[in-house]
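Participant: Both chains come to you apart, so use the hints to assemble them.
If you read the protein sequences in the order shown, they are chains C and U.
Quick note: the first sequence uses this note's numbering, first residue 29, plus one each step.
Quick note: the second sequence uses this note's numbering, first residue 5, plus one each step.
One thing to keep in mind: the hints can contain errors.
Stated by the list, open to error - Below, computed lysine-lysine pairings styled on DSSO-like, alpha-carbon distance capped at 30 Å:
1) U:Lys269 <-> C:Lys240
2) C:Lys123 <-> C:Lys160
3) C:Lys160 <-> C:Lys192
4) C:Lys433 <-> U:Lys10
Think of the hints as simulated: they come from the structure by calculation, not from any bench.
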Amino acid sequence: MLHSEGYYVATHRHFMSLIKGGHTHYQVRFSSRPVFTAGDRVDILVAFDQGSIEHDAPRLQAGSIVLANQAARPALPAGSAARLVALDFGALAKKAGSAILANTVALGASGALLGFADDELDDQFARRFGGKGEEVIAQNRLAYRLGWQSVTGLGLVPPAKPAKPPTAPRILLHGDEAIAWGAVEAGARLFFAYPITPASEIMQWLAVWLPKLGGAVVQAEDEIAAINGAIGASLAGVRGWTATSGPGLSLMQEGIAIAAMTETPVVIVDAQRAGPATGLPTRPEQSDLNEVLYGSHGDQPRIVISPATTADSFWAIQAAFNAAERYQCPVVVLTDLNLALDRRTVDISAFRFLPIARGEIDLAPGNYGPHEYPRFAVTADGISPRPLPGVPGKTFVATGDEHTKEGHITEDPEARVEQTTKRLRKIGGAAELSGEAIWYTGPPVADLVLVGFGGTYGPIAEAQEELAALGYRVGHVHLRVLRPFPAAGLARFLGVPALVVEENATGQLAGEIRRQTGAVSLHSVLRFDGNPFTAGEIVAQAREVLEA
Amino acid sequence: MSVSWKDYRAQTPTWCPGCGDFGVLRAVQRALVDLGIAPHEVLVVSGIGCSGKLSSYIGTYGFHGLHGRTLPVAQAAKLANRNLTVLAVGGDGDGYGIGVGHLVHAIRRNVDITYVVMNNDVYALTVGQSAPTTPRGRVTRSAPYGTPEAPVSPLGMALGLGAGFVAQGFAGDVDHLTEIIKAAIRHRGFALVNTFSPCVTFNPEFGYDYLRGRLFDIDSDPAYDRHDAMAAMRILAQKAGLVEGILYEDPAAIPYDEALPQFAKEPLVAQVAPLDDATRQAVLASFGAAP
Numbered sequence: 029m030l031h032s033e034g035y036y037v038a039t040h041r042h043f044m045s046l047i048k049g050g051h052t053h054y055q056v057r058f059s060s061r062p063v064f065t066a067g068d069r070v071d072i073l074v075a076f077d078q079g080s081i082e083h084d085a086p087r088l089q090a091g092s093i094v095l096a097n098q099a100a101r102p103a104l105p106a107g108s109a110a111r112l113v114a115l116d117f118g119a120l121a122k123k124a125g126s127a128i129l130a131n132t133v134a135l136g137a138s139g140a141l142l143g144f145a146d147d148e149l150d151d152q153f154a155r156r157f158g159g160k161g162e163e164v165i166a167q168n169r170l171a172y173r174l175g176w177q178s179v180t181g182l183g184l185v186p187p188a189k190p191a192k193p194p195t196a197p198r199i200l201l202h203g204d205e206a207i208a209w210g211a212v213e214a215g216a217r218l219f220f221a222y223p224i225t226p227a228s229e230i231m232q233w234l235a236v237w238l239p240k241l242g243g244a245v246v247q248a249e250d251e252i253a254a255i256n257g258a259i260g261a262s263l264a265g266v267r268g269w270t271a272t273s274g275p276g277l278s279l280m281q282e283g284i285a286i287a288a289m290t291e292t293p294v295v296i297v298d299a300q301r302a303g304p305a306t307g308l309p310t311r312p313e314q315s316d317l318n319e320v321l322y323g324s325h326g327d328q329p330r331i332v333i334s335p336a337t338t339a340d341s342f343w344a345i346q347a348a349f350n351a352a353e354r355y356q357c358p359v360v361v362l363t364d365l366n367l368a369l370d371r372r373t374v375d376i377s378a379f380r381f382l383p384i385a386r387g388e389i390d391l392a393p394g395n396y397g398p399h400e401y402p403r404f405a406v407t408a409d410g411i412s413p414r415p416l417p418g419v420p421g422k423t424f425v426a427t428g429d430e431h432t433k434e435g436h437i438t439e440d441p442e443a444r445v446e447q448t449t450k451r452l453r454k455i456g457g458a459a460e461l462s463g464e465a466i467w468y469t470g471p472p473v474a475d476l477v478l479v480g481f482g483g484t485y486g487p488i489a490e491a492q493e494e495l496a497a498l499g500y501r502v503g504h505v506h507l508r509v510l511r512p513f514p515a516a517g518l519a520r521f522l523g524v525p526a527l528v529v530e531e532n533a534t535g536q537l538a539g540e541i542r543r544q545t546g547a548v549s550l551h552s553v554l555r556f557d558g559n560p561f562t563a564g565e566i567v568a569q570a571r572e573v574l575e576a
Numbered sequence: 005m006s007v008s009w010k011d012y013r014a015q016t017p018t019w020c021p022g023c024g025d026f027g028v029l030r031a032v033q034r035a036l037v038d039l040g041i042a043p044h045e046v047l048v049v050s051g052i053g054c055s056g057k058l059s060s061y062i063g064t065y066g067f068h069g070l071h072g073r074t075l076p077v078a079q080a081a082k083l084a085n086r087n088l089t090v091l092a093v094g095g096d097g098d099g100y101g102i103g104v105g106h107l108v109h110a111i112r113r114n115v116d117i118t119y120v121v122m123n124n125d126v127y128a129l130t131v132g133q134s135a136p137t138t139p140r141g142r143v144t145r146s147a148p149y150g151t152p153e154a155p156v157s158p159l160g161m162a163l164g165l166g167a168g169f170v171a172q173g174f175a176g177d178v179d180h181l182t183e184i185i186k187a188a189i190r191h192r193g194f195a196l197v198n199t200f201s202p203c204v205t206f207n208p209e210f211g212y213d214y215l216r217g218r219l220f221d222i223d224s225d226p227a228y229d230r231h232d233a234m235a236a237m238r239i240l241a242q243k244a245g246l247v248e249g250i251l252y253e254d255p256a257a258i259p260y261d262e263a264l265p266q267f268a269k270e271p272l273v274a275q276v277a278p279l280d281d282a283t284r285q286a287v288l289a290s291f292g293a294a295p
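Okay, chain U solo, but in the shape it has when bound (with noise of 0.2 Å):
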């Protein structure tokens, strides 16, 4: 069955006109379609926040859930039916702000999902206070003083924590953009792709022409080798986070569930049953069954 952008078209973006959610949007909706994946096999679970409507307008099974809470619901359903594409997706502060516990705990236990981070540096939907990505100084109205806190850097810590595949994309080059995401699904374990994706109203001197000949594009550099995490946290040294493309990739990461020798190969949810007579009658014996 051939797959057209057109099947990925749900709902209609209330996205402000510019936003880089579009951009984003369109790179998801367009890597599906290449990879041939029909929308019914795809789960998208949102978050909070303009980035967090993504669901409702991609033509796939949707989760819209709580704030922060993206890679929690996104890791079960991958396990629970491992036949799905899973994709978790949300704004700097879902991910970096009140759900930075979680990407933690997803790199680490590497549930084969791609997490798409929607980076504004800025809280936009609640109209504009410091976001965990805002550099330090910046005023908002959160911070009409100056923003007190240095930024996080995402991609640095995701590496330093063992992620096996971590890039950056811009929603102004949504061509890239939808090579990264492909890439990223298809990487057995848990992808992580943070994408610059402006906010015209309430952060616009950090937009695209900020961006656009500021990023470095290390897919382009035939010397830059995303097999080397070293390498890779060098050159976010040295171009101050400014970079585009997969900055690394662990050929050899295993799924959790792959992890896993006992897991069923077969999807859980198609196995919803009882426990078999002898099953029954070992757990039966485990509590000291009598006469």
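Pulled out of the complex, with its shape left as it was, chain C reads as follows (with noise of 0.2 Å):
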């Protein structure tokens, strides 16, 4: 609804592992300019259970409302500011004809109070619950409005909406489907992949629109088939690739060994989530970073992609794909639970369009004997050729055995060498990554440098602006490409005192960075108990070290 209306809108989604039962919640901000983050605080709520009044209390202020669950015995906790209206919810859902409703009278009371009408929805519910026949869309119309009814009149003063912005073409959606949509602009028709949380979303997402393109979704019997099925289509031509999390990954690592060793392009998203093992399935972390960078058996080349925003996983997981055939090396896109689930309001003209590059794809008929085309021919910067099959007179074997240039397993030691060196020194400076990697918002001359990865550029750059607005001087650099690793770019802006911000438990981007630059003067705020970054602690974190 706000969207439609013309509003920036980020939300998040907080759940559990579980189908029934715990503690789930749904929050939307929405604002006159694009937001990152669902914010800090809670203006009106929305509580089915006492549970959920305690779980926000603390982020409730004078003038919120929270619209309770009257047979729940609501109550503030002592102290609280906000106002407390007890609705019968089950009452005026059984009154709308189920008690099932009491989702859409809750909708119709939070409607009301942002100034909705009361049949703001009548044709939402009519596309939404065609196939369920017209009682049923009747019943959520009805619903909605007795939900409307129960509040007006109460004279509750909700606090006021921000202005609207001006109007421009958006749209709303989360990372994975910015993610699935990039893939198929990027020409991808195949896709194997294995469910995971939170990586599904992009299967489900294209097993809508492949089909439609003539492509389609395999899924795989386990991650170890769907890293191997994205191999054996980029083999054979096609854009392979594959997402998964954590656990997927961790079963992908000799995968990516054999795309390495043969220079088979392949891309893999890992949308990250609380490890290890199960770990936190359902909830943020970043502590697949020391896999992605070191995973895996062998010297490998490899390429890491880690967008920051949606847009961004838009145009990351484009880049990917041509680096991937251009290069004939495994791509990462990393990227994590927040920014891969939580639904934003994007600009239409903030996606960037990359063309398709398909590198050096040799489709020329030869006339090599058998096994004679020099597949692997050891070039200057390292890149050979690549014929697909099909191609008359250049057949090849590309093997995971050490091979000469024609593909021919060997033992030489010169060809050993000259084929590892050739596959490591194909990547060198990504130029055109080299320029994307890293992005900086902040004065010339900083204080302290905010340094992240991925999906907490929200709660970084908000941080960054409330710091400013304190009178501070600090910048905010969020990475977005970590294999190559940017040292050089990098250490041009630690100076100065850097204040590393990442969701998990031993700081390994923190100790990337010590590695890389040989950073000395690096500070770490680590949140891992499963709750995405709040700009608020990255500011307390900012200020003790500025202050110190």
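Facilitator: This is the structure we're talking about:
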């Protein structure tokens, strides 16, 4: 509703690894300008149980309104300045036709507080429930109205809505959807994956759209099959890719090695969640970083792109396909749970479309005898032209054993060194990515820089703004390419103390920065309790460092 | 364009003299020549072990991948370019040990590929440990007191899973094996060809002499109905698995991609392109494009 009205919306879904029960909530923030987090405060809370009130009580303030389920005998904690309104969601829902309509009743109540009309969603209900028949549509319409009426006339004064932003074409989507859309724009028509939170939404989106494009989602039997499928597809000449989270990425490590050794392009999306093992499967964390940078065996070339925002995810997947085919190696797109699953309003103009660049694919027929074509020719830049199966006169075998330039298995020391160094020098500085590696926001001279990667972009950006408003000179350095690591570019910002912001317990990014740049003046703020950072806690840590 | 055996000859094999894999290689080469398929139109995906070297010895495109992972690679390559003839080849350790999970799902998925397993009842390249096919009680380097597990029954398993084409051949009978592999390639859907491919070095007692005369040739039995899965199960039980020929074929099997009504008729490899404008607008609308 707010998105359609023209606001920038950012949502956050807090859920547990359960089908029924447990605490769950959906948070919606709206603003006159783009927002990348669901914010730290709650103006209107809809609570179906007392637990929800207690969970969010610290974020309520004077003027906040709590619409609570009367049946739960709701009460505000002592000292709360919020206003509690008890509503009989259940009775109103039954009046509309069924107890299951309580959500719609609550939607009507909050819609009224936000200034929407009592028939605001009539069309939406018709679209959404069209398949369930007229009765369901009518019941939802009535439930919305009953909720709407239940708060109208109570004299509630909700916090004022912000001014509407200038009109511009905008869409509402999450990072997984941006990646899936970006992949089909990049020409990918086959997708191999095994379901896992928070990457499954990529598969689900593609399952709807790929058939319309003549392609298919192949639901693999496990992540090992998924990555080997992506490699096989790529070998045959399409853009092969898969998406997973930490546990699946661990199963893919051997597959990453065969792609690297056979110089077969492959793109792997790792939407991180809290580990190790099953960890907190529905909660955010950025603790796969070391695995992504250092996982798998042997010496391998690799590219890692880490988008910061929803629109950036769209860019990252396209850049990943282009890089995988240019450098004929594995490319990881590293995201995390909040970026993957939280829907946000984005200006359509913010989406960058990259031309499809397929690197050195060699489709010209040749006259080589069987397995005489130098598929792994040692070239100056290490990149060897790649025929696709089907091209006459250029047959070759891509083998995971060390091989000659013709792909013949060998243990010859000279060939070993030649091929290993060729594979490792291919990426070089990845010129087209090095200019994208770092986003910097802040004053030209700062007293402190906040450093992060991936989905912490929102809270860090907000923290930086708050600190600037408080008069501090603080910059925000966001790393978007982690392999090749932009050591020189980053070092330029590290002449002042840095506060590295990351969602893990061991400071994996801080460790990587130390290894790569030798920086010493690094501080860390870590969060690994299963919840995303808030701007407030970053501000507090930054002030401690600044005032130390 | 006529195709000859020479077009299919590539690197020189390093198998032991007398290895069953020579017979399998020859049968695969002859089958492809007989079918008139040019080597560049074929992709052979091989696993790890002595048998995994086969992709280096046949002049087609090849992928010598990870241990046990031939089937995911082969299925995906076929979906990417349905004009290719795709074969997966590997040993019994590859297919029935480390990679058996993929076999189960390749059968369910029914992508149009041919899987030739070179079964020698032993892990040979790692010099003689027990395989999933090793009979219970046999002494090997990894089981000096006798292999404790029962062997897998790959054909019974495949039939139980509803495979559309199940056959067994013998490296010592290349003529027959060639015909079996030709039928497997022609079959529309996933085809499993288990071959007895003796290891003369680490498992000589289960060799040519042992097998010759013990295999019951079902293809020469006019009474045998290869469209009857129950008959296939019965003969496997009666002959303790020692049969040779096409055990079962479902001529009505529909390959994975043909069962997807919207799957592109032209190979996807020729269709790497961005969205057309109408589709892009539909995508934006699905994301609630406003205003």
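Participant: With reference to the structure, classify each hint as holding or not holding.
Facilitator: Quick rundown of the hints versus the structure:
1. U:Lys269 <-> C:Lys240: Given that 30 Å is the threshold and the Cα spacing comes to 13 Å, the pair holds.
2. C:Lys123 <-> C:Lys160: Roughly 19 Å separates the two Cα atoms, so the pair holds.
3. C:Lys160 <-> C:Lys192: Distance of about 35 Å is beyond 30 Å: violated.
4. C:Lys433 <-> U:Lys10: Given that 30 Å is the threshold and the Cα spacing comes to 23 Å, the pair holds.
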